[in-house]
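Spelled out, the chains give:
Protein chains: 2
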Amino acid sequence: MGFENQMLEVAGAARAAAREVAVVDSAVKDAALSKAAELLVERAAEIESANAEDLAAGERNGLAPAMLDRLRFARERIEKTAAGVREVVDLPDPVGTILGEDTRPNGMRLSRVRVPIGTILMIYESRPNVTVDSAALCLKAGNAVILRGGKEAIHTNVAVAAVWKQALGAAGLPAAAVQVVSTPDRAALGELLKLNELIDLVIPRGGEGLIRAVAEQSSIPTIKHYKGVCNLYVHDDADAGMALEMTVNAKTQRTGVCNALETLLVDAKIAGAFLPGCLRKLREKGVELRGCERTRALDPEVRPATDEDWAAEYLAMVLAVRVVDDLDTAVAHINRWGSGHTDTIVTRDEAAAEKFLKSVDSACVFWNVSTRFSDGFEFGLGAEIGISTDKLHARGPMGLEELCTYKWIARGNGQLRG
Amino acid sequence: MGFENQMLEVAGAARAAAREVAVVDSAVKDAALSKAAELLVERAAEIESANAEDLAAGERNGLAPAMLDRLRFARERIEKTAAGVREVVDLPDPVGTILGEDTRPNGMRLSRVRVPIGTILMIYESRPNVTVDSAALCLKAGNAVILRGGKEAIHTNVAVAAVWKQALGAAGLPAAAVQVVSTPDRAALGELLKLNELIDLVIPRGGEGLIRAVAEQSSIPTIKHYKGVCNLYVHDDADAGMALEMTVNAKTQRTGVCNALETLLVDAKIAGAFLPGCLRKLREKGVELRGCERTRALDPEVRPATDEDWAAEYLAMVLAVRVVDDLDTAVAHINRWGSGHTDTIVTRDEAAAEKFLKSVDSACVFWNVSTRFSDGFEFGLGAEIGISTDKLHARGPMGLEELCTYKWIARGNGQLRG
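In the order they appear, the protein sequences are chains A and B.
All residue numbers for the first sequence refer to my numbering, where the first residue is 1 and numbers rise by one.
All residue numbers for the second sequence refer to my numbering, where the first residue is 419 and numbers rise by one.
Because the hints were derived from the structure by calculation, they are not lab data.
It is possible that part of the hints are untrue.
What the hints assert, rightly or not - Mimicking BS3-like on lysine-lysine, the simulated pairs with C-alpha atoms at most 27 angstroms apart in a straight line are:
{"no.": "1", "chain 1": "A", "residue 1": "Lys285", "chain 2": "A", "residue 2": "Lys269"}
{"no.": "2", "chain 1": "A", "residue 1": "Lys224", "chain 2": "B", "residue 2": "Lys642"}
{"no.": "3", "chain 1": "B", "residue 1": "Lys612", "chain 2": "B", "residue 2": "Lys687"}
{"no.": "4", "chain 1": "B", "residue 1": "Lys569", "chain 2": "B", "residue 2": "Lys498"}
{"no.": "5", "chain 1": "B", "residue 1": "Lys699", "chain 2": "A", "residue 2": "Lys227"}
{"no.": "6", "chain 1": "B", "residue 1": "Lys642", "chain 2": "A", "residue 2": "Lys194"}
{"no.": "7", "chain 1": "A", "residue 1": "Lys269", "chain 2": "A", "residue 2": "Lys151"}
{"no.": "8", "chain 1": "B", "residue 1": "Lys687", "chain 2": "B", "residue 2": "Lys703"}
{"no.": "9", "chain 1": "B", "residue 1": "Lys645", "chain 2": "B", "residue 2": "Lys687"}
{"no.": "10", "chain 1": "A", "residue 1": "Lys165", "chain 2": "B", "residue 2": "Lys498"}
{"no.": "11", "chain 1": "B", "residue 1": "Lys583", "chain 2": "B", "residue 2": "Lys453"}
{"no.": "12", "chain 1": "B", "residue 1": "Lys583", "chain 2": "B", "residue 2": "Lys569"}
{"no.": "13", "chain 1": "A", "residue 1": "Lys224", "chain 2": "B", "residue 2": "Lys687"}
{"no.": "14", "chain 1": "B", "residue 1": "Lys498", "chain 2": "A", "residue 2": "Lys194"}
{"no.": "15", "chain 1": "B", "residue 1": "Lys687", "chain 2": "A", "residue 2": "Lys194"}
{"no.": "16", "chain 1": "A", "residue 1": "Lys35", "chain 2": "A", "residue 2": "Lys227"}
{"no.": "17", "chain 1": "B", "residue 1": "Lys645", "chain 2": "B", "residue 2": "Lys569"}
{"no.": "18", "chain 1": "B", "residue 1": "Lys687", "chain 2": "B", "residue 2": "Lys773"}
{"no.": "19", "chain 1": "A", "residue 1": "Lys35", "chain 2": "A", "residue 2": "Lys165"}
{"no.": "20", "chain 1": "A", "residue 1": "Lys269", "chain 2": "A", "residue 2": "Lys227"}
{"no.": "21", "chain 1": "B", "residue 1": "Lys642", "chain 2": "B", "residue 2": "Lys687"}
{"no.": "22", "chain 1": "A", "residue 1": "Lys194", "chain 2": "A", "residue 2": "Lys224"}
{"no.": "23", "chain 1": "B", "residue 1": "Lys699", "chain 2": "B", "residue 2": "Lys687"}
{"no.": "24", "chain 1": "B", "residue 1": "Lys703", "chain 2": "A", "residue 2": "Lys358"}
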């Protein structure tokens, strides 16, 4: 059973819609977004009832409670999501910003201008709010978006798609600017991933397996958000109180998120004074500890860590602990075992901090700041569509600007090349 | 015969070298570049004699004269290439530039800083100067580079590699910052393209077939420079003299380059007055013309064009000509048939020009400027490593800044997330 023609139609319509959305005024896009926020609340009962179908099916299929919770899209969450769309309305339009200007010796006035990317394919799992959030950000940045959520949320997503259609129509924008792929078949996704002439960017949000599969399968540029194996390095000149508070905050304030702490590195010169109390505190908080030999020499209750622990994204109350000889060893550990997401140093020594900030090859590198602040909202991007661990196009939290590209514009008076 | 271990070693060494080169001072990188420029001239005889081997083999293998010419790396070209390296020394170091700064409400000082990408794999065909130019740009931007040139140029490239090794050593930089893959075997390239944990970016320079093959084969981000199907649209309010001069310039000043004109679009309202004289002039210059029915009604000597002509990158003295109803039709033609490279409008009407600049979805969009100016040097980038027709990461001429990514740096005083 082929989805070739069906997906070609979806992507072709998205491409045509993208051309329209790319050049409309901010007010038109904002009108569509405001209308969508309004309709989400107005039609909440309908969305809730579609969501109830998905939840019932999920229960029948034995989905885990955490999964069912992610799937749930009740009135309160719908209203919160609608409020998020209104926040996107208030953000400045990224399109049209002049990124650079120059008049060349031949009189040609050159500028680099931010423009939409075109058509974006979002691939995600069960959370239905992504069907709202991602579409709002893509649309605000002047893109068309194709939304391919998990099959568990299919009824909810289709109900949300109806809201988008109505909102776009009310603003005079093409319905194909936001499309939900309503077939759960994997073959349909496979067809979409082939359409590199019609789709400009793929953003998979979900587990590493999903992301790797998409990146392998498609020649369309893909923004990858792999693991967040975040490290905190306690330098020998650290304020021990700050280092303790920050370790506890980064590990325990919320564990299931990509900017939570996974590995604690402690300078050998401070380990004896710092580690025993710190480990005791973490254990009190319910954190399971896995450490190197030197850590275990200071606290024999710590289980031995293996190389797998240095690369682990636990997303749970587990922490890997390693004593390192010095700053260079800490940096080498992070560049070898980290995931290039977010890493932080605690120290009073500015020179040491600056060396760390320069040498750690990660999207976000912090000094005396908890890894938990690696977040589009905390960075002032207003909202984020994900956190990229890629180095190309976008790195770290991605907001509206990262959903754009640029073009070069030259204005002249008949310049010829001699 | 497996190249797995050999290529793993090359890429691993590049990665380690990249970490070093990323953090050294500009002066160290510049010292290596200056030394390389000096050594190229000093060791020109040795390079010429290696090149003579390649040329002799090329002749034996019946390479076309144009191919042999591209392969030739005689003293004059070597000296010119060395001068190019000195120009790269004079360019500002892109690394460390602050792209944005903000103090967040919690006191965290956030900045976005330009940093090197890491390890770049350049894949190219016969021109040995790429072995110098690309390496110079990659190194200046703080990256390590793996150079995989065509097998025709292998002796020349190995001789140039020896210059790089000596220059890097003299500056105290690791030799693996610039490596030439000296095996011509395609299997070796296949192995490199798998190493997505060690190589951050692939830049293939060459024919469309090569680029597509690399993009299909590898999950490493790839900068694609496909065809340059450049369009010139003569609006009905064009200065006819300027339109004629620009058409002739863009088509005939140099034909084998990606920013040469391939399709002329003429507004129906000006076609009768403009086209016959323009086509006569082009024919005098030796241009073969292929046109739509309306063009042929004005000049029956024009051969009929097919859809293939609208998508053709002739790179030769051939031009496709189409009469279009209006600006919208011209834009639709370009967005449908062009390659997103460079397109220009000739008009005195500012509103029409601005609409064209906004609506054409190409890397470079010009008003009253010849398409031939789409070039890193003309744009003031100092030098270019290619012209990207991709929308992601880099679009249009790519200079030093486009060989960099960025990282987010936050400096605080113990910020915890509440």
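Hint by hint, here is what the structure shows:
1. Lys285(A) to Lys269(A): 26 angstroms, holds
2. Lys224(A) to Lys642(B): Cα-Cα ~19 angstroms, so holds.
3. Lys612(B) to Lys687(B): Violated, at about 55 angstroms.
4. Lys569(B) to Lys498(B): 23 angstroms, holds
5. Lys699(B) to Lys227(A): Given pair Lys699(B), Lys227(A) is violated - Cα atoms ~61 angstroms apart, limit 27 angstroms.
6. Lys642(B) to Lys194(A): It holds: about 17 angstroms lies between the C-alpha atoms, which stays within 27 angstroms.
7. Lys269(A) to Lys151(A): The given pair, whose Cα atoms are some 53 angstroms apart, is violated under the 27 angstroms limit.
8. Lys687(B) to Lys703(B): Given that 27 angstroms is the threshold and the Cα spacing comes to 26 angstroms, the pair holds.
9. Lys645(B) to Lys687(B): 30 angstroms, violated
10. Lys165(A) to Lys498(B): 59 angstroms, violated
11. Lys583(B) to Lys453(B): Satisfied, since the Cα-Cα distance of roughly 10 angstroms is no more than 27 angstroms.
12. Lys583(B) to Lys569(B): 20 angstroms, holds
13. Lys224(A) to Lys687(B): Judged against 27 angstroms, a Cα distance of about 49 angstroms means the pair is violated.
14. Lys498(B) to Lys194(A): Not OK: Lys498(B) and Lys194(A) at ~43 angstroms, beyond 27 angstroms, violated.
15. Lys687(B) to Lys194(A): 41 angstroms, violated
16. Lys35(A) to Lys227(A): 36 angstroms, violated
17. Lys645(B) to Lys569(B): 24 angstroms, holds
18. Lys687(B) to Lys773(B): 18 angstroms, holds
19. Lys35(A) to Lys165(A): Roughly 10 angstroms between the alpha carbons, so the hint for Lys35(A) and Lys165(A) holds.
20. Lys269(A) to Lys227(A): This hinted pair is violated, its Cα atoms lying about 30 angstroms apart.
21. Lys642(B) to Lys687(B): This hinted pair is violated, its Cα atoms lying about 38 angstroms apart.
22. Lys194(A) to Lys224(A): Holds, at roughly 18 angstroms.
23. Lys699(B) to Lys687(B): 20 angstroms, holds
24. Lys703(B) to Lys358(A): 57 angstroms, violated
Violated hints for the displayed structure, listed by number in ascending order: 3, 5, 7, 9, 10, 13, 14, 15, 16, 20, 21, 24.
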